[in-house]
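Enquirer: What follows is the residue order along each chain.
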Amino acid sequence: MKPGAIIPSNVASLRSLTVTMAVMSYLACLAIGALILVDRAVDAWTDGLSREMTVQVRQVRTADITGEVEKARRILEDYPGVVEVQVLSDSESAKLLEPWLGVRALEGLPVPRLIRVVTNKGKNFDDDALADRLSVVQGVYLDTHQKWEVELTRMGRALSVLSSLILVLISLSAVAIVIFATRAVLQANKPVVDLLHLVGAYDRYIARQIDGRFVRTGLVAGFMGVAMGLLTFLGLSLTGVGGGGGFASASGTLLFAPPAIAVWSYAALFSVPVAATVICLVTSRLTLLRLLGSVL
Amino acid sequence: MLRLDGVGLRYGSGPEILRDITFAMRSGDFYFLTGPSGAGKSSLLRLLFLALKPTRGTVNIFGEDVGHLTRNRLALIRRRIGVVFQEFRLLDHLTTFDNVALPLRVAGKSESSYRRDVLDLLDWVGLADQARAFPPILSGGEKQRAAIARAVIAKPELLLADEPTGNVDPILAKRLLHLFVELNRLGTTMLIATHDQGLVRQADRPILHLESGVLTQQ
Numbered sequence: 060m061k062p063g064a065i066i067p068s069n070v071a072s073l074r075s076l077t078v079t080m081a082v083m084s085y086l087a088c089l090a091i092g093a094l095i096l097v098d099r100a101v102d103a104w105t106d107g108l109s110r111e112m113t114v115q116v117r118q119v120r121t122a123d124i125t126g127e128v129e130k131a132r133r134i135l136e137d138y139p140g141v142v143e144v145q146v147l148s149d150s151e152s153a154k155l156l157e158p159w160l161g162v163r164a165l166e167g168l169p170v171p172r173l174i175r176v177v178t179n180k181g182k183n184f185d186d187d188a189l190a191d192r193l194s195v196v197q198g199v200y201l202d203t204h205q206k207w208e209v210e211l212t213r214m215g216r217a218l219s220v221l222s223s224l225i226l227v228l229i230s231l232s233a234v235a236i237v238i239f240a241t242r243a244v245l246q247a248n249k250p251v252v253d254l255l256h257l258v259g260a261y262d263r264y265i266a267r268q269i270d271g272r273f274v275r276t277g278l279v280a281g282f283m284g285v286a287m288g289l290l291t292f293l294g295l296s297l298t299g300v301g302g303g304g305g306f307a308s309a310s311g312t313l314l315f316a317p318p319a320i321a322v323w324s325y326a327a328l329f330s331v332p333v334a335a336t337v338i339c340l341v342t343s344r345l346t347l348l349r350l351l352g353s354v355l
Numbered sequence: 046m047l048r049l050d051g052v053g054l055r056y057g058s059g060p061e062i063l064r065d066i067t068f069a070m071r072s073g074d075f076y077f078l079t080g081p082s083g084a085g086k087s088s089l090l091r092l093l094f095l096a097l098k099p100t101r102g103t104v105n106i107f108g109e110d111v112g113h114l115t116r117n118r119l120a121l122i123r124r125r126i127g128v129v130f131q132e133f134r135l136l137d138h139l140t141t142f143d144n145v146a147l148p149l150r151v152a153g154k155s156e157s158s159y160r161r162d163v164l165d166l167l168d169w170v171g172l173a174d175q176a177r178a179f180p181p182i183l184s185g186g187e188k189q190r191a192a193i194a195r196a197v198i199a200k201p202e203l204l205l206a207d208e209p210t211g212n213v214d215p216i217l218a219k220r221l222l223h224l225f226v227e228l229n230r231l232g233t234t235m236l237i238a239t240h241d242q243g244l245v246r247q248a249d250r251p252i253l254h255l256e257s258g259v260l261t262q263q
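Protein sequence lines correspond, in order, to chains A and B. Numbering-wise (my numbering), the first sequence opens with residue 60 and increments by one. Numbering-wise (my numbering), the second sequence opens with residue 46 and increments by one.
I should point out that these hints are in silico values taken from the structure, not numbers from a laboratory. None of the values given here were measured: they were computed from a predicted structure. A portion of the hints provided could be inaccurate.
Across the chosen pairs, the derived CB separations fall in these ranges [claimed, not checked]:
1) A:VAL274 - B:HIS223: 44 to 50 angstroms
2) A:ALA64 - B:LYS98: 27 to 33 angstroms
3) B:VAL226 - A:VAL274: 45 to 51 angstroms
4) B:GLU61 - A:VAL341: 53 to 59 angstroms
5) B:THR261 - A:ILE238: 27 to 33 angstroms
6) B:PHE107 - A:VAL234: 38 to 44 angstroms
7) B:ARG230 - A:PRO62: 44 to 50 angstroms
Every residue, glycine too, gets a C-beta built ideally from N, C-alpha and C.
Only chain B is shown next, with the shape it has when bound in the complex (with noise of 0.2 angstroms):
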């Protein structure tokens, strides 16, 4: 499914973020990676999202060297893969609804293909009253939901957060978590990353710790 070796990553010519990385995930495995705020998890996040090439070693999603790929074969490995970004990323002039079908949209899907599928899922996350209102004007725990609903309502094989439950509550967090747990037991790799050790704990599931830029298991 996921596989780094000997990855290593700098900005330009500053100092190196991520430091001989190599570890596997197959199908099906539930990681959380924790460490440091500035430990470099966003960075090794952004590697493994496609937003970045390593500047050493090599990142292996799906079977596929994703150093050797065409831009077109790139974007279908993307859409296998769910991201919840810290920042949520939310496009402000799309309605709730809108921002959740981004990625079935965008994979060529009508919307009365998707609306039912959309409006279940924003259900679930209890943004059901919301589904027409813009960005702007949902609270921090609401976006934090949205970029969730939008990284899951694709059914990614792998799923990526960032802080998923950074912005929400104690008890949306414990469902947020039973949303990941139960992906997971329906066959999405789940890799978080987190500083809420409480869920760490809640999820009882191995972790990567990544500290000063070199990774270890836990």
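Okay, chain A solo, but in the shape it has when bound (with noise of 0.2 angstroms):
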């Protein structure tokens, strides 16, 4: 005959907590799903920025912009890191500000050649020094991107701030509904507890009874959390909602990213349930401890 739970199972504050803890924990998947994304986004965009360089020769009054251009074109193919040089035509260079002037705008106008180039992103490659190298010819521009870079990684860095911010008030608030729960499955269970102690059970007895519930209801929540997290994340691959492709295929790669990186994505949404079981856990045993030990 195997005995019977001495708190009784059907607790229906339980019931409530675990529709909230499941919401938090959904709360919080989207929290890490967003903070995996912008991460990567800022990588990528980052990494490119930062192996491209533009070369920009304005027309100066004396000199032959052909030949400075070629200039150019000969000190960067020498210069050590640098792996691709391509010098645009006139017709490219002016095609970029074609949006902006329009195509009459730009007759006569002396539109300076671009060069892109594209560097091996070495520890060692010095971009003062290749300015240095390129102050021979003239009209001569070299643009780094360090500006655009420097802005995106203190986006990037602010939304990952946002969303781990996020992840401290959905923790904050998970604690504060677990310890409210605590207190009112104390308080229904009261002549229980009342009669435990009576007999001569430890505190932490009759903590062990009841918080094993709330270790169940916050393994549950928080799979239930990460389920509709998943399903959130597919729905918005699947249907490109959140306007547009590009946020709709990182939530693809989210999903379904090679398995190196997708290790990852999966083991920071699935450490949602294990922060819900351990938030559940510890705040239900301390706050049962410090309400059990209030009574005589």
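The two chains are supplied separately, each in an independent frame; assemble them into the complex guided by the hints.
Expert: Take a look at the structure:
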């Protein structure tokens, strides 16, 4: 004959806690997903930007611009760390300005010539030394995109901090909800708890009878939240909701990335049920011991 | 075994329910606690089974001042005290068997180690066929017997009973008295609060009388 559970299993406040914790876990999943997506996007953008630079050669009154471009190309090709040099033709350079100035306005304008440079992004690559070498070219300007890279990194960091802050707030809310639910469960079972005290139960024995329920609640709610989160990302990746293919494909890569990358995404997302369980266990245990310790 | 010195008790800022209670019980004593309703018998018992702290005075049980015990020590003292509550305090979601076995379970014993003892005791109090029944379907007398069985299952050194025969017929009351006398003979110290003068006369034991919060020995 297996002994019955000392604390009644049908506890209404735990059902409400399951729903609330599932919603919290879902929000945590979205915040983690956003954190991963922003992190990856910023990485990809800054990687592209830091590997590429542009050399502009402007028409200077006395100089032969074609000769100056050629001079710049040779310097770039000889420079260590440069892996690709692409000189854009007049028409290609003009085409880049067309959307802003129109075709007619460009006629007769001294459009600068552009050279796209791809580097190996080595640690020893020295932008300043390259700029120094290029200074023999008249009308030259080296754009390393550093300003954009700094801006993107700053924006990415701000979004990451924001997502982390949201995760902290969700965790704090979860802790507050578990404390509230623990009080409710204890109140609902006061006669049982009083009797257990009177027959000589230790506080930790009583706490163990109750916090097991909270562990199960945290685990179940955490997995419900992750399941809803994964379905949301799947839905976004399939429908492209949220402003276009970029976001949809990003959501897709979160779920269907190569295993080496996906394992980290899934590990981060599945840390939610673990965190929900730990929050439920630790918070309920500490709250129970504090409350039980306050009665005779 | 048990000593109260100048104990007073009041609930909140109300009048004093118990006043200057001073008495001692030695191991193996058997006392009845009598007095009119509202005299403070249940409050005195609550002090003794450590559900309340006195507002003044000291309560000393098993040689320890209960006012200065750690929570774990308090729990260990309670395990040495069996209590029959006036309102039974059976847990409705547990079977009669599990209710009776509760003190042993709380003490960390396995079901296999106490199963025989619990079934034997249930048989003795006439509840063998109700072992799997839940308290809501038990009669008042059956609940009373289950509550008594729970109080004595762990062979307590001190048994406190609040109206233990209040819901049973005279024949069962006599059997229960026999059980109490037998437990006392085996070394359990007894304090039984009752209105049942017949029970008091049959047992022929010393009486503590409580009236208007003042305790006298008769």
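Enquirer: Next step is simple, just say for each hint if it's right about the structure.
Expert: Evaluation of the provided hints:
{"no.": "1", "hint": "A:VAL274 - B:HIS223: 44 to 50 angstroms", "in the structure": "48 angstroms, holds"}
{"no.": "2", "hint": "A:ALA64 - B:LYS98: 27 to 33 angstroms", "in the structure": "31 angstroms, holds"}
{"no.": "3", "hint": "B:VAL226 - A:VAL274: 45 to 51 angstroms", "in the structure": "48 angstroms, holds"}
{"no.": "4", "hint": "B:GLU61 - A:VAL341: 53 to 59 angstroms", "in the structure": "44 angstroms, violated"}
{"no.": "5", "hint": "B:THR261 - A:ILE238: 27 to 33 angstroms", "in the structure": "49 angstroms, violated"}
{"no.": "6", "hint": "B:PHE107 - A:VAL234: 38 to 44 angstroms", "in the structure": "41 angstroms, holds"}
{"no.": "7", "hint": "B:ARG230 - A:PRO62: 44 to 50 angstroms", "in the structure": "32 angstroms, violated"}
Hints 4, 5, 7 from the list above are not met by this structure, while the remaining hints are.
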